[in-house]
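Based on the provided sequences and hints, a complete structural model is requested.
Protein chains: 4
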Amino acid sequence: MNKIKVAVLGATGMIGQRFVQLLEGHPYFELAGLYASERSEGKRLGEALKIRDHTFKEESLDMRIETVDPVAIARSSRVAFSGLPSGVAKETEAALAEEGVAVFSNASSHRMREDVPLLIPECNPDHLKLVQEQSTFGNGGFIVTNANCSTTGIALPLKVLDDAFGLDMAVVSTYQAISGAGYPGVPSLDIMGNVIPFIGGEEEKMETELAKVMGTIQEGRVVASPVQMLVNCARVPVIDGHLESLVLRMDKDPSTEDVIKTLGEFRGEPQRLGLPSAPLQPIITRSEDDRPQPSLDAYAGEPARARGMSVVVGRVRKKDNYIKMFVLSHNTLRGGAGGSVLNAELAVSRQIL
Amino acid sequence: MNKIKVAVLGATGMIGQRFVQLLEGHPYFELAGLYASERSEGKRLGEALKIRDHTFKEESLDMRIETVDPVAIARSSRVAFSGLPSGVAKETEAALAEEGVAVFSNASSHRMREDVPLLIPECNPDHLKLVQEQSTFGNGGFIVTNANCSTTGIALPLKVLDDAFGLDMAVVSTYQAISGAGYPGVPSLDIMGNVIPFIGGEEEKMETELAKVMGTIQEGRVVASPVQMLVNCARVPVIDGHLESLVLRMDKDPSTEDVIKTLGEFRGEPQRLGLPSAPLQPIITRSEDDRPQPSLDAYAGEPARARGMSVVVGRVRKKDNYIKMFVLSHNTLRGGAGGSVLNAELAVSRQIL
Amino acid sequence: MNKIKVAVLGATGMIGQRFVQLLEGHPYFELAGLYASERSEGKRLGEALKIRDHTFKEESLDMRIETVDPVAIARSSRVAFSGLPSGVAKETEAALAEEGVAVFSNASSHRMREDVPLLIPECNPDHLKLVQEQSTFGNGGFIVTNANCSTTGIALPLKVLDDAFGLDMAVVSTYQAISGAGYPGVPSLDIMGNVIPFIGGEEEKMETELAKVMGTIQEGRVVASPVQMLVNCARVPVIDGHLESLVLRMDKDPSTEDVIKTLGEFRGEPQRLGLPSAPLQPIITRSEDDRPQPSLDAYAGEPARARGMSVVVGRVRKKDNYIKMFVLSHNTLRGGAGGSVLNAELAVSRQIL
Amino acid sequence: MNKIKVAVLGATGMIGQRFVQLLEGHPYFELAGLYASERSEGKRLGEALKIRDHTFKEESLDMRIETVDPVAIARSSRVAFSGLPSGVAKETEAALAEEGVAVFSNASSHRMREDVPLLIPECNPDHLKLVQEQSTFGNGGFIVTNANCSTTGIALPLKVLDDAFGLDMAVVSTYQAISGAGYPGVPSLDIMGNVIPFIGGEEEKMETELAKVMGTIQEGRVVASPVQMLVNCARVPVIDGHLESLVLRMDKDPSTEDVIKTLGEFRGEPQRLGLPSAPLQPIITRSEDDRPQPSLDAYAGEPARARGMSVVVGRVRKKDNYIKMFVLSHNTLRGGAGGSVLNAELAVSRQIL
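Chains as they are written, first to last, in our numbering: chain P, 451 to 803; chain C, 451 to 803; chain R, 451 to 803; chain Y, 451 to 803.
Be aware that one or more of the hints could be misleading.
The list cannot tell twin chains apart, which means a pair is met if one copy fits it or any two copies do.
[Claimed, not checked] Straight-line alpha carbon distances no greater than 30 Å define the calculated DSSO-like cross-link-like pairs of lysine-lysine that follow:
| hint | residue 1 | residue 2 |
| --- | --- | --- |
| 1 | 493 | 768 |
| 2 | 769 | 702 |
| 3 | 540 | 702 |
| 4 | 507 | 769 |
| 5 | 507 | 711 |
| 6 | 493 | 453 |
| 7 | 453 | 540 |
Quick caveat, the hints were computed from the structure, so don't treat them as lab data.
Shown next as structure tokens:
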């Protein structure tokens, strides 16, 4: 098959550079252009390197960054992967869809729009068809979003447990990595040797986004899930990998063993379709005392293209009629650029690309 | 008044050195000896310095460490402050009480003994009288313990809210500092840029200890509080200061304002008695978006002698019929050596010392 | 004596807030106003808190920040302590001197001006008289600067050794704290778990500033010292405290013992005058294997008002005819706000204030 | 060719686990056994995981650790890669050579023995023939050592510059990663947010080892190089990657451009032989302002098997007749396990294995 030409928007940022990394050698997509704000115009990608221990090819590092221009992008690319900041994303992404570009966005701007899927292919693949409600769909343009990084990590286990045991309530505390705040993001004077118990808008996003991701489609609209969510968000001095503690109440009151087995055996639509970025095991359960840990588990996921795409669950315990556990996911891969790429792969397999 | 001679046990450790710091210039107590394992015998305190940015007096740094010997300690000291490791503490502290020494211990060994108070003077000052049940009380010897560092921090707000609104359930996630693991404690290779979602025995301790601290005394015994506790513990790369996220359900379903006012206005027995290490305001409530933080709030507490003895509460929010908040306390001061010293000050004021 | 009214410029930054901290209860000076850019106008100091584990008084936290306006400042203050960014400092400080204000500046803008003293009172107190060359001196206005933070730390031992043994060459490598870059300064994504071997302009500043500080005054001008300096600068993930490694060659080829004795016994003009911020021992020599360390030694200095004003030297060794050592100094106290305050105290004692 | 059976000694440590990582799929060697102290006997490798973000194969993680026993090892392996602690290494490695095993050791015990090569294949490949002086060589047993991690990093550029321009003096300051201290190694309470200006014995090792590595063989013995070395060592809070600042004086007084060109164009014996772990470019020179950095450059080296085997040089500057630069190398790969594996590859190519 001919590869589909794609653009990366926000190429100087943490998410944008993850897109570049994931698109190198991708079987479906071919990187046709890098775009960012005027400030970076003409710079080589290599001059604005943000990702540690990267393995970019020299040809990627030598690509020049262009100013975002929807008309120009539409001429050269069928798809745009967007890592734009929310402020800019709203208008730009809409303009791109107008121009007939399929936008897969990591920005929050359009996530809660009724006609935009908030897509996690293992959780709600059928939501993808919402794009047909978008007025631009006729000319090939549409917008698909992925969820907030801290939502995505827990959405996988929560959806699986909801389906199996009827989830009633989830109390969540987050231990979020600094890469989630973008670059330059959190000043080192604020976070080194410290925890900041606040991330603006994050708790609200997690509550509303999870309800949409876990919702069901009825008459072309998502009916939100009624699961009760109680969230406390905090930033910790970790580079990559959001850890979250969960306390769950489920209707069927499953045992610890039931929960572990159900999570570990889960396979979703991307696994059945064999999508390139789909991890063989979407939820890895660990039995050690002290896992998952960002430093050991953030990059879980096989094969190589799905590195950082598995969610890792550990310390599953039962107390009274509650299940406690820790969940880890890579916030700029599974919870960022990797999620968008997986969404686009699903769109290819469903032939809307 | 003549100052009471006191010994510090475990003087080479994190808690032991905090004891020394707190006893310098103390109005009730006079440091008579430093004790640790044989390995450190004869060393100057200054050779084994653990506390950052300390302000020890040269005469403290020059004190020599002796091997723990209950008989010798009893000869020179009326009181022993113990920062011994749990393994050693059980037998040694019992032997000291036999010798007529009043032991104020930070170790967990005797905390759950029926006749030993698990004392936080703002929460349960009346538990102190449990010492009269100890067989050694007659000869002046007894043991008083303070709670685990992560228990202590939340015990203050939870007890105050329980008294005011009837606490029903508390879901807690901890962000615990590395000084809580003692020295050498956590290897840097494990914790730098990482979070470890496990602290051995900590979740169980928090659940059982909180029930005892919040319990009531009936017929010379503590009847445990029935509050439902669901705890997830994690270690973060912070030197001092345990942060904890709380989700609470209370019978009277108070408003955010009620909760903030009740916590901020609380004054306990140590405040009424004007004990030297009692902070003027035991629970400080902060209204900023992003507080409390270990780096800014761990040392909260006035006057100078009560530095690190206030508990700081922030981000009080209501969702449905739950109250969410973050709580910070200094784990080796309020939750460690400072707690023991405050316990001893209460004992002095109640004339059992 | 009536206290002298002083203004703090750049009050929202790291240096500005150190000024506030040092001026609380100062015996000579009284804080009359806080100034910063328009962006912060009207904010309480407490809203923009940068210094960890601060102990500001509530009345300081409640002071409102005003926009920098030289005429207004001149009306209310005799002295301005400047922590302004270099870009802004040049013009503003000159305008203040025009208005008759004595400016003690931490900014680099005027440091190399022929008629401006680059003052470290223990090293070159006589340089203060350079202010008489300034055209504004007649109306009471003048500018005194302190040296770059990494220059100041080593200037003390180098000047003392130069006087005693004739310093010929100094090879320096720095391990600089992030507070030296101001706020927001270094992004956490760049520095956590990393070292950045570059600080723009720093190596050049250290070489030229040290030559001026160690220079002699001849005919109203500073003749630069000819000591050969070879400097490599790097940023490390430390909050406060610049560590520097030194390899020195001296004409008289002193022994290790000579060097240690000479440094430890040094007392300068501020010590003779008993200036309030002068540490009793300006250079503390440590004999332990592994000192000085930022976490243990950054705040060295007695009495309390001189905390962080001593320079700490350790690991003095001889190899061939070279002396090797490590030097630590607090970059925002001795190397920043504390240096400026000490300069102003010298000016008071010399009656030019 | 049949693969050579190899054992890894010290398999629970940082270096041992790097050996396992490097031996997975190695074209010359086949991992036949993992050995460590009795304490770890019977454990799975996966239970004692130390390396972050590892990508071990499950079959490696499932290997069981055996107690070190020279006779048993000799039965199953022709080669032993040793990551033993120095205390144990001396006797064990000698015993293995007695049993006819070729030992490639990262331990310091035998490095300075006259008949043992201290080998860095790009620097001194001919030193390998020293093994023929070993009494055990007849039965196939011998010992080859690699240099200390901080020595190795600078040995490459220093040797190349010595050959080209005649190196006279090198002043070195190190910024060393914590993985260099092994596991558990440096307590987090000591190093987080801190720098420790001391690593026991390191400065002496660097001086003597570099003289041997850069020495020439005359009549079967190494004549040490007379280059003057002045070293200051410090530990910084970095996981992997030793950074070092250099100030060099060379007889021919080369320009900055000469130095950069000479370093970047250098290719050594391993490159000519195409050894599997040899990086295509042994010394990578970077022209950015702020490189090399541990977080971006520690894993430099192509192809994939040579990841972390290139040394990265940056910030080459000239001042007077001195050249200044920063050098970075991966301390447990190029400066540890990778160095030993490259040594063994050279031995294979020279047919002494």
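A quick look at each hint next to the structure:
1. 493 <-> 768: between (53 Å within a copy, 28 Å between copies)
2. 769 <-> 702: both (15 Å within a copy, 25 Å between copies)
3. 540 <-> 702: neither (41 Å within a copy, 43 Å between copies)
4. 507 <-> 769: neither (50 Å within a copy, 35 Å between copies)
5. 507 <-> 711: between (40 Å within a copy, 23 Å between copies)
6. 493 <-> 453: Result: close within a single copy only, 26 Å intra versus 48 Å inter.
7. 453 <-> 540: within (28 Å within a copy, 57 Å between copies)
Violated hints, in rising order: 3 and 4; the structure is consistent with all others.
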